[in-house]
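Construct all of the structure, not just a fragment, from the sequences and the given hints.
From first to last, the protein sequence lines are chains R and X. FYI, the working numbering numbers position 113 of the first sequence as 113, with every residue one higher than the one before it. In the working numbering, each residue's number is its place in the second sequence (first place is 1) plus 1000.
A hint or two may mislead.
Coverage of chain R stretches by chain X, computed from C-beta distances (three or more under 8 Å per stretch; other residues unrestricted) [as the list claims (entries may be wrong)]:
id, region
1, 4-13
2, 20-30
3, 36-50
4, 53-59
5, 128-141
6, 196-202
No wet-lab data here; the hints were simulated from the structure. Ideal Cβ positions, reconstructed from N, Cα and C, are used throughout, including at glycine.
Here is what each chain is made of, one letter per residue.
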Amino acid sequence: MSDVFPRIEPLGEAALLVRFTDRLDDAANRACVAFRADLEADRPEGVEETASSLGSVLVRGVSPGLEGALQDRLAARDWSAVPPPPRRLWAIPCSYGGEDGPQLAEAASMAGMDPAEAIAALASARVRVLALGFAPGMPYLGILPEAWDLPRQTGLTPRVPEGALVVAVRQLVLFATSAPTGWRQVGLTRFGCFRPGRSRPIALSPGDEIAFPAVSPAELRERAEADPDGHGGATWERLE
Amino acid sequence: MIELLACGPLVTVQDAGRPGYLSQGLAQGGAADRMALAEAERLLGEAGAGIETPGAPLRLKLDAPMRLALTGAPMRASVAGRALEWNTAQTLPDGAVLDLKPAGRGVYSYLHVQGGLRTEAVLGSRAAHLIAGIGRPLEAGDRLPCEASEGPALRIVPQDRFGGGEIRLLPTPQTRLFPEAERARFAATAFTRDPRGNRQGVRLDMDGGGFATEGQLSLLSDFILPGDIQMTGDGVPYILGPECQTTGGYPRIGTVIGADLPRALQAPPGATLRFRFVTAEEARAAATPPAKPQPLVRDPREVDLYGAQLIGGVVSARAP
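Right, here's the structure in full:
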């Protein structure tokens, strides 16, 4: 297989994959989000659905001329340089360490920091939603500085709670559901990634940006109690 | 209204699922056996949302005459002790109590009512998606809204798909990461459908070691679709189902073609599955719609001649 990107690969009988990279890469991920937004703004004939992942864009629905149309569109611009589509900037309160982040100290030490430095670094990082996946609305967030290139655990943590903020491989993941994980839990939010009854059931979109300001365990719970939307006291503003 | 009098585990309402949310991490979901859904559509005209049972027994009561279709894995169906044929649509009277019991072939069985169940829709679908936290398994006492209906008794000849067999695959973008010898061993292996399986995925057993690629633990997570055969960390394959995760990092050695996916997911525990790679052209050519329904003609020995209205419409022989 060639190492030339972007390239188009078949995915089963009824989908194509436009792959921008085969490793974690911020510019390629931005290209994924921008290219997908362009496809949504002007869907080629036969396309039923599109989605972006960390490094590729899924195009579901196949028509005879689709691959050529996608090639032409790919070649038309440098997609990593295209300004991102309208998106939101979220501030999601997070309680770091202690019972809410039982592996903070371990993760901090692996990143070469003491716990207070690690909290300051994570609470001031502004990460992008690289992709949603695994569970509905669950974000892969990055890309964190090199220091956070932590390997996954060899064993799984049997269960982290919904809202857990976990870290590995220069990314954060905010759990949309309670599940096992090989990533280390550094904090807890009360952000509901997916609430079927909400006017916008899936809160985040790929391309959204997020900061996780530090709050005390008590403040986290108070703000979550007072948030009827299930966003755990998060606020957001629109970015253009 | 259909009332569930008794209900085994993991029985859910399913329809065609909710396409369009992959970018938000939500798999389409819906009926595990899409052919059974298509057969119900052919039988009823409009099947909509129905009941999917993974072999769990069911007993339900109708509060109006209703035309029902029974498709998918055959179950023993009866009303007041009278057996009902599977793969049919029939009208049952007001108050009828229908019993469904597993018969040991296939996994997923379907009961649809003409016009479909009118349970609550979430994001455009009534399908339960348990992994995503949408809906819940049905239980005794549940009342499922639907309309009265009636119509002809029909039968449909199902495509056989309830005992495993050969499953055709297309390569995935990761297929080539498996060394050629591993791919050849995969194609030569007879797999057994493990008892561990659900709507998220079905585990396969085999003799011999797991299947691995080089560097598979550092693959960038990418899109997953139902039918993908994913190798877990220990190299054991899973056939992914309608509630599979939308992205993942474990490599996929192949993906089951649409025409064979109902058979892959209907293979009961213990069934043998073999895999054969085909071209995309062959995969597309393999897609076959369900057969046309035929009138259901009962065995004359089952017909109650005293209770049958044999001269409908004739009131008096002397009237004009």
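Hints, verified against the model:
For a cut-off of 8 Å, the count of residues in the region 4-13 of chain R with a CB near a CB of chain X stands at 5, and the three-residue condition holds. Judged by the Cβ-Cβ criterion of 8 Å, the region 20-30 of chain R is covered by chain X as claimed, because 4 of its residues qualify and three suffice. Counting residues of the region 36-50 of chain R whose C-beta lies closer than 8 Å to any C-beta of chain X gives 4; at least three are required, and the coverage claim holds. Chain X is given as covering the region 53-59 of chain R, and this holds because 5 residues of the stretch bring a CB closer than 8 Å to a CB of that chain, at least three being needed.
Requiring three or more residues with a Cβ within less than 8 Å of a Cβ of chain X, the coverage given for the region 128-141 of chain R holds, as 9 such residues are present. Here's how the region 196-202 of chain R fares: 3 of its residues keep a CB closer than 8 Å to some CB of chain X, so the rule of at least three is met and the hint holds.
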